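2 protein chains.
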Amino acid sequence: MKAELISIGSELTTGRNLDTNAQWLSRRLAEIGIPVGFHTTVADDLTDNLDVFRTALRRAQLVLTTGGIGPTLDDLTREVAATVAGVDLFEDAASLEHIQQMFARRNRVMPERNRVQAQFPVGSEPVRNEKGTAPGIWMKIGESFLGCMPGVPSEMFHMFETQIKPRILAQFPTSGVILERKINTFGMGESAVEEKVSDLTARGHVPEVGITASDAVIGLRIFANGPTRDAALAQAAPIEATIRERLGELVFGIDDDTLQLAVIRLLNRHRKSLSVAEGVTGGMVAHLLATVPGASSWFRGGLIAYDDTLKVQLLGVPSDLIAMHGTVSPEVVTRMAEGCRARVGTDLAIATVGVAGPDGGSEQKPVGMVYAALASADAPTVVQQFSWTGTRHEVQSRTSKLALNLVRLHLQRKP
Amino acid sequence: MKAELISIGSELTTGRNLDTNAQWLSRRLAEIGIPVGFHTTVADDLTDNLDVFRTALRRAQLVLTTGGIGPTLDDLTREVAATVAGVDLFEDAASLEHIQQMFARRNRVMPERNRVQAQFPVGSEPVRNEKGTAPGIWMKIGESFLGCMPGVPSEMFHMFETQIKPRILAQFPTSGVILERKINTFGMGESAVEEKVSDLTARGHVPEVGITASDAVIGLRIFANGPTRDAALAQAAPIEATIRERLGELVFGIDDDTLQLAVIRLLNRHRKSLSVAEGVTGGMVAHLLATVPGASSWFRGGLIAYDDTLKVQLLGVPSDLIAMHGTVSPEVVTRMAEGCRARVGTDLAIATVGVAGPDGGSEQKPVGMVYAALASADAPTVVQQFSWTGTRHEVQSRTSKLALNLVRLHLQRKP
Numbered sequence: 001m002k003a004e005l006i007s008i009g010s011e012l013t014t015g016r017n018l019d020t021n022a023q024w025l026s027r028r029l030a031e032i033g034i035p036v037g038f039h040t041t042v043a044d045d046l047t048d049n050l051d052v053f054r055t056a057l058r059r060a061q062l063v064l065t066t067g068g069i070g071p072t073l074d075d076l077t078r079e080v081a082a083t084v085a086g087v088d089l090f091e092d093a094a095s096l097e098h099i100q101q102m103f104a105r106r107n108r109v110m111p112e113r114n115r116v117q118a119q120f121p122v123g124s125e126p127v128r129n130e131k132g133t134a135p136g137i138w139m140k141i142g143e144s145f146l147g148c149m150p151g152v153p154s155e156m157f158h159m160f161e162t163q164i165k166p167r168i169l170a171q172f173p174t175s176g177v178i179l180e181r182k183i184n185t186f187g188m189g190e191s192a193v194e195e196k197v198s199d200l201t202a203r204g205h206v207p208e209v210g211i212t213a214s215d216a217v218i219g220l221r222i223f224a225n226g227p228t229r230d231a232a233l234a235q236a237a238p239i240e241a242t243i244r245e246r247l248g249e250l251v252f253g254i255d256d257d258t259l260q261l262a263v264i265r266l267l268n269r270h271r272k273s274l275s276v277a278e279g280v281t282g283g284m285v286a287h288l289l290a291t292v293p294g295a296s297s298w299f300r301g302g303l304i305a306y307d308d309t310l311k312v313q314l315l316g317v318p319s320d321l322i323a324m325h326g327t328v329s330p331e332v333v334t335r336m337a338e339g340c341r342a343r344v345g346t347d348l349a350i351a352t353v354g355v356a357g358p359d360g361g362s363e364q365k366p367v368g369m370v371y372a373a374l375a376s377a378d379a380p381t382v383v384q385q386f387s388w389t390g391t392r393h394e395v396q397s398r399t400s401k402l403a404l405n406l407v408r409l410h411l412q413r414k415p
Numbered sequence: 001m002k003a004e005l006i007s008i009g010s011e012l013t014t015g016r017n018l019d020t021n022a023q024w025l026s027r028r029l030a031e032i033g034i035p036v037g038f039h040t041t042v043a044d045d046l047t048d049n050l051d052v053f054r055t056a057l058r059r060a061q062l063v064l065t066t067g068g069i070g071p072t073l074d075d076l077t078r079e080v081a082a083t084v085a086g087v088d089l090f091e092d093a094a095s096l097e098h099i100q101q102m103f104a105r106r107n108r109v110m111p112e113r114n115r116v117q118a119q120f121p122v123g124s125e126p127v128r129n130e131k132g133t134a135p136g137i138w139m140k141i142g143e144s145f146l147g148c149m150p151g152v153p154s155e156m157f158h159m160f161e162t163q164i165k166p167r168i169l170a171q172f173p174t175s176g177v178i179l180e181r182k183i184n185t186f187g188m189g190e191s192a193v194e195e196k197v198s199d200l201t202a203r204g205h206v207p208e209v210g211i212t213a214s215d216a217v218i219g220l221r222i223f224a225n226g227p228t229r230d231a232a233l234a235q236a237a238p239i240e241a242t243i244r245e246r247l248g249e250l251v252f253g254i255d256d257d258t259l260q261l262a263v264i265r266l267l268n269r270h271r272k273s274l275s276v277a278e279g280v281t282g283g284m285v286a287h288l289l290a291t292v293p294g295a296s297s298w299f300r301g302g303l304i305a306y307d308d309t310l311k312v313q314l315l316g317v318p319s320d321l322i323a324m325h326g327t328v329s330p331e332v333v334t335r336m337a338e339g340c341r342a343r344v345g346t347d348l349a350i351a352t353v354g355v356a357g358p359d360g361g362s363e364q365k366p367v368g369m370v371y372a373a374l375a376s377a378d379a380p381t382v383v384q385q386f387s388w389t390g391t392r393h394e395v396q397s398r399t400s401k402l403a404l405n406l407v408r409l410h411l412q413r414k415p
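Going line by line, the protein sequences match chains A and B.
Just so it is clear: in the first sequence, position 71 is 71 by full-length UniProt numbering, and no numbers are missing.
Just so it is clear: in the second sequence, position 105 is 105 by full-length UniProt numbering, and no numbers are missing.
Bound-form chain A, shown alone (with noise of 0.2 Å):
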């Protein structure tokens, strides 16, 4: 059993608009444990719409569209649907009294062209659109079914909770529910953490699981599955054990959970305060803990020293320093760090430099270098170094969880 998804319109090939129905469906099926085995997209053309309907009634049992039933010469839904069942369209006299009475209720009256959308493949059921005039389209063809629903997005949701999914649930009755379950680690690259779990990730394994990068967060995504969500939590259960075992405190979450939201946890348990001293990361590690609802208990502000000149005025480095060991150092990170604690007054206080790039590199301090920097006051400064590749964006953004995960580490390893 295998769900195939088909997104209709040359808004969508042609780029200028960003699928997200696809997205939001695969997520809705997953619980009910049918599992998606493709999403395709296809631009408003007859032949391409044969073809892409026939292949997916080949490999899926279940395929469901969004798009392509308006009333306009490209919806061309309606008529592929038709031709590759190999029937005819009839009027179906309802939905035309419902697309009329849409009409009504704002006033206007139908246009002809509207006309078209009552149509139907013999054979098949027309789904009733609460939220517009565009009904969906329910039919089987060959071993499988076949659910046509509308591109716009509200429309389409209504009409698969409402109508689809109870369709779907009668004809798919002993699905269980597909559970994803995300462990989120930061500290060590992807191919050293598959190594330490690479019995786990092989293929074939019960249940599945499969290994993200998304910018130096390295996720271990268990798939497990069940008939009852209970069952799904039982199954992935031990193995999230086991990951957690091996991975250790490289581990800082799980499912949508971020560094900076870890942070914010932390800094409540303890009831540490928290400031920070930007060089390289220009504002980003503040902006990510403000952006976690309730930041503000724990985490004060800080100092941007974009500038090295304020790093001076603001932070009070010595110039000397900076003119000794250059401001990418880790003799100039630990004075920020120490210099934004003590002016800011918090029990915690991180701190950045680097080269950001694209230009600004230098043979001993090339585009990627960063420190990053924690000083507290029952431990010594603590400095991490680290070169990454990648864009500006990036380096600043994995310099921030650098330094984000300096205060984790640090208060995690706290009783």
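Source of the hints: derived by calculation from the structure; they are not laboratory data.
Zero decoy hints are in this set.
It does not matter which identical chain is meant; a pair holds if it fits inside one copy or across any two.
Once the Cα atoms are required to be at most 20 Å apart in a straight line, the calculated SDA-like pairs of lysine to any residue come out as:
no., residue 1, residue 2
1, 182, 72
2, 2, 54
3, 414, 273
4, 2, 51
5, 182, 17
6, 196, 115
7, 165, 28
8, 140, 58
Only a predicted model underlies this, so the values are computations on that prediction, with no experimental measurement involved.
With chain A held as given, fit chain B onto it using these hints.
Here is chain B on its own, set in the frame of chain A:
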């Protein structure tokens, strides 16, 4: 001539991640006159990948893939490309050396697992990846061309522009250009902007003009076409002139221009330095400015006074002023901007205060209510109030833009 884009990865078919690579590639291909007929997304499954590759090579003359070329066991693209071409894999010594060098630059030894990334289908051309360890693949299979790129957007963007696009142009000499020109505005809502240009956005207008809203930036997109880029530009030019005339100083840039880029350009042109004092935006204004390469010439840094005590301590706002008017007031934001300008010593300074939410709102100062201020040497401090609806992130992001827009208007109005 038609192209198909294949996005590979179970994180896409499960709906965990949203694919944006296909949209980006569709736009780039349109620019060189290549229409995209299909986007296909497929899970990390060998049988399904073989099906998708064979289907694409049957119906498209150019097939570009993203993802599936990492070092892990679920990276199947190398194997799939070889299988559909009916050839074996070989190890490319130059690619292996390049991968080893990428690790050496990060002071790491290449894990044995990454060796697989130097394998290529016999008859294919290894494609250098300057931004990561996964090389791409270029090969002819039957009558079609296949280009395989990484899924990481920054790596893919660079590989497409420098390596894949030249190979496409060599095989498919361009027959015409579709050009999209976007005029970006800030300071007025979507409906109000549309009223000013409704004759241009009417259906059937040549060239087509669309309107999009993205986080308070309203964009007017002109879709022009012609045999050459110059011809398409010539079609767009008079419409762009009309739009600029009607919208006046609402316009801050074109295409991918951002408000922060407009501000950095204006600071450079007028040789004015800028600092920021951030309350509600918590570092986001500084972060946006710091994302612009070369920002450090005139953007000096600033103070994040997320906590009220820091507004007093770091910015010199009198505590009785906060007690009298509340933090979210024109009085306090004015003193923050002026205090920042004096303490950091810049020509201009901006400040923000407000209620980001989701909690902390009151009847008089509801969630979304914000102030931005601009202090300068040559004019009284300007304060702007706004009430946003939206999430915490949206309130912070839009308020950052409100503050940046004050700098833009101040400098743009100068002779």
